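*Asks:* One-letter residues, chain by chain:
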Amino acid sequence: MNDAQSNGKPLLEVADVVKRFGGIRAVNGATMNIGGGRITALIGPNGAGKTTLFNVLTGFYKGDRGSVRLRGEEILGDPPYEIARKGMVRTFQITKALAAMPVIDNMMLAAPDQPGERLRNIAFRPGAVKARETEVRKQATELLGLFNLTDLADAYAGTLSGGQRKLLELARALMADPKLLMLDEPMAGINPTLGRRLLDHMQNLRRELGVTILFIEHDMEVVMNHSDRVVVMAEGRVIAEGEPHEVRKDKRVIDAYLGEVAVDTAAGESSVE
Amino acid sequence: MTLDPGTLVPLAVTLQALTDPDFWVSVGVLAGIYAIVALGLQLNTGFTGIVNFGMAAFMAIGAYAMAILVLKAGFSFWLALPCAVLVSMLFGVLVGLPSLRLRADYFAIATIAMAEVVRLFAQNARGLTGGNLGLFCDLNDPSNCYPNTWNDISESINNFISNFWSDPPTLLPLLIVIWVTVGLATLVLLRLQRMPWSRVLRAIREDEDAAKALGKNTLAFKLQSLAIAAVLGSIAGFFLALDLRTVHPLDFEPLVTFFAFSVLILGGLGSYRGVAVGAVLFWFVLEGTRFIDLPDPPFTETRIAAVRLALTGLLLIGLMAFRPQGLFGKREEMVIGE
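Which chain is which? The protein sequence lines are A and B, in order. So that you can map any letter, position 156 of the first sequence is 156 in my numbering, and since no number is skipped, the others follow by simple counting. Count along the second sequence starting at 1, add 1000, and that's the number in my numbering.
With the rest of the complex left out, here is chain B:
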């Protein structure tokens, strides 16, 4: 796996960046985006027992559908958002209908294949998606770009903020909107968790046959769980598209899903509250370690990028050794599952 250090955070990073609010705001933006993705994974994997390795596809479909609707179909940004959510949701149901009948491990394999198909399609359907050029503005009308509407809003938010804080970071409005979304999504999921609906999901996680024997149409519940994850994935996709200012196939590699799983495991399986904390911890470790000052040579920039990933991996391994339930998970539920 090769990682260009520049792709993790789209900013030029120097040691001074350690105290640069712009840098930390952009890290916070990524943490928020991954928190949203991991909330979907929590619903699927933590509470329904379906291992979904395809979140990157839902993000890609959300982002691409939004950009294509704005740029090629002339939709307004506000109309494109719900339409793109719907597209992603329908795609989730379509994929789930055959694949959710599979055993959990085969479903996981099917979802990762699905995610790669979506990404490779985006890479090759150049007429629709721009292929490796990505999508940003209408080529015939360079003034028509998908983030235009958002840029206006962002500017007016920052104009307001500049009353209290002169020269706020450019991404601050995005950070605020993303974390408000994380908060709302967490609240909705926490409320759902106390409902009989979630009781059926947990029963499926524990033993699907038992749930069937008690009159529950388990496939329908799993489809709903997957559809909600697709909604969350597409929302995260919008935010990523606004953050990166392009929709590009390489931003939806399986690595995205695996990072989100790391967030999930850090926060703890079976806890919605842990997701946000896990996301912040993961991204602050991954990005904060940029500032480890190692002599070059032998530590070239690419090597340090690898060291940073290794350190994040060590953090996860350490956590698994000493706190397998994650930060907020329930140890009893882990142990009982054995």
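Next up, chain A with everything else stripped away, as it sits in the complex:
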């Protein structure tokens, strides 16, 4: 599957990460390991620090303490663009489709190693620029096909529906050649049909490309049925980790997160939010 997994080390090792805002410790010593080739759900009540942790891991916030290792390499404190280049690519809770750019440009933007992003190459290596551009366009077109967005390739991203934007953001993140995809509430605000398609895509990515996925989600049905592993956060800490059925029975999890809701309801139809 994944080279990081084959040598026995987790893809992502998070140890004792702290993020303070003034007197508030939004993330207060979070520790977890994310294995390669798995889909891991990150759950927890509102204010548990999930998105803050995401922002620290991806470099958008500077962590105050702790260690984040991606494939064994320390990345805490690196700027976001370097972390993305090292293979940890994120999406946002509120989609960031580049509205006044065509869908195809959204896709092509994300490709790594583009000589045409350097003025020097544009002036002196126009051949290399053109060759890579053709390659990138081909890959972008293929991925759009996979996500049923081909017909929208030339539309402005701003004209897409909320769900289509989520799909575009996922497809675009894939263009960046991720080892670890970080999805912040990928299912939020989209209709169930598109949501199902998004979940199918996540499963296919893991199965066929060996992409590791960490996603924040509130819908317990999605979490229980579509993740291999669940990490539970509360009050800035990781309070439990394990397979979905284990976590569901964990006393601490029920206290902190599921609260009064009966265990079997959480496993079943209803969503907690």
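Please note that the accuracy of each hint is not assured.
As the list claims (entries may be wrong) - Here are the simulated distance ranges between beta carbons:
| no. | chain 1 | residue 1 | chain 2 | residue 2 | range |
| --- | --- | --- | --- | --- | --- |
| 1 | B | L1094 | A | K62 | 49 to 55 Å |
| 2 | A | K62 | B | L1309 | 44 to 50 Å |
| 3 | B | L1102 | A | P126 | 33 to 39 Å |
| 4 | A | H245 | B | L1190 | 57 to 63 Å |
| 5 | A | P126 | B | D1152 | 36 to 42 Å |
| 6 | A | S67 | B | Y1106 | 46 to 52 Å |
| 7 | B | M1320 | A | R196 | 53 to 59 Å |
Derived by calculation from the structure, the hints in this document are not laboratory data. Just so you know, these numbers come straight off a predicted model, no measurement behind them. By construction, the Cβ of each residue, glycine as well, lies at the ideal position given by its N, Cα and C atoms.
With the hints as your guide, set chain B onto chain A.
*Replies:* Structure of chain B alone, referenced to chain A:
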């Protein structure tokens, strides 16, 4: 804001000037200079989303560096040009390094402050810049003036032109060189626009965090965008110095940048082609309205100058009401941005 009508076009204007080619050539020169400035603004504001209110500073630094290098350091005119471009570019990077980390609106404020600092420095560093006397010739050697080299070239161009057109306007060679520059700069920018480099700039304009999350070092791209605007600004500064035949602090007031923004908005955000058209339209309206014949009194010369600015303002407001994307901008991109 007080505007001496004489500062807009350095020519004595009478009603006969309406048909005077000299007058329209000088208007064309100004339009060309502002087209170059607005091309830089287009790259920054239209395509990178950084609101640069400091173009006047890049023009000033280009013009002053060129004049100082020629007059005080003994550089040849041809060596002074690239050196002055380099100085302006470095200044752009130096200013950009801290200020481009700011949010877009704060960056705008920082740039206008930067431009005023440069202008006030020029006004007060008398030993270097001549202060309010401006820079023209070496005081110890009045035959050594910065436009000497250009004057020779200009004369030989006009000698050639006089084979076809007897007594061509004095500024015609400058007009030609400026508009060739506008054409070349537009072509280069249009070519860049189709490159992945520009795709990253547009992504930054749309959402900088998204670009970062996709592995783009957005600060480096914004710095490059600002540096190229500084290059264009300094080139416009050279031309202004050759046109006005002096380098003076008052020619680099914030108003210069705002006029260039008017040009940009007329032409349309997000279109390099619109810039030249916007520049011509803006200056022909602003200068053409000199010939509106209003009775004096009550319309004294100063009042007419104000009326002319008001008319130009009305044109801009009308355009915003009926065609917010400008002449060449894309309406879809405007609407989607909301």
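*Asks:* The structure should be examined with respect to each hint, and the outcome stated for every one.
*Replies:* Structure-based check of each hint:
1. Remark: the range hint 49 to 55 Å for L1094/B to K62/A is contradicted by a beta-carbon distance near 25 Å.
2. K62/A and L1309/B have their C-beta atoms about 48 Å apart, which keeps the hinted 44 to 50 Å range intact.
3. At about 35 Å, the beta-carbon gap between L1102/B and P126/A stays in the expected band of 33 to 39 Å.
4. Between H245/A and L1190/B the C-beta distance comes to about 60 Å, which sits within the given range of 57 to 63 Å.
5. Separation of P126/A from D1152/B is about 37 Å and conforms to the stated range, judged on CB atoms against 36 to 42 Å.
6. Checked against the given bound of 46 to 52 Å, the beta carbons of S67/A and Y1106/B, roughly 34 Å apart, lie outside it.
7. Under the hint 53 to 59 Å, the C-beta atoms of M1320/B and R196/A, about 45 Å apart, miss the expected range.
Taken one by one, the earlier hints fail for this structure at numbers 1, 6 and 7, listed in ascending order.
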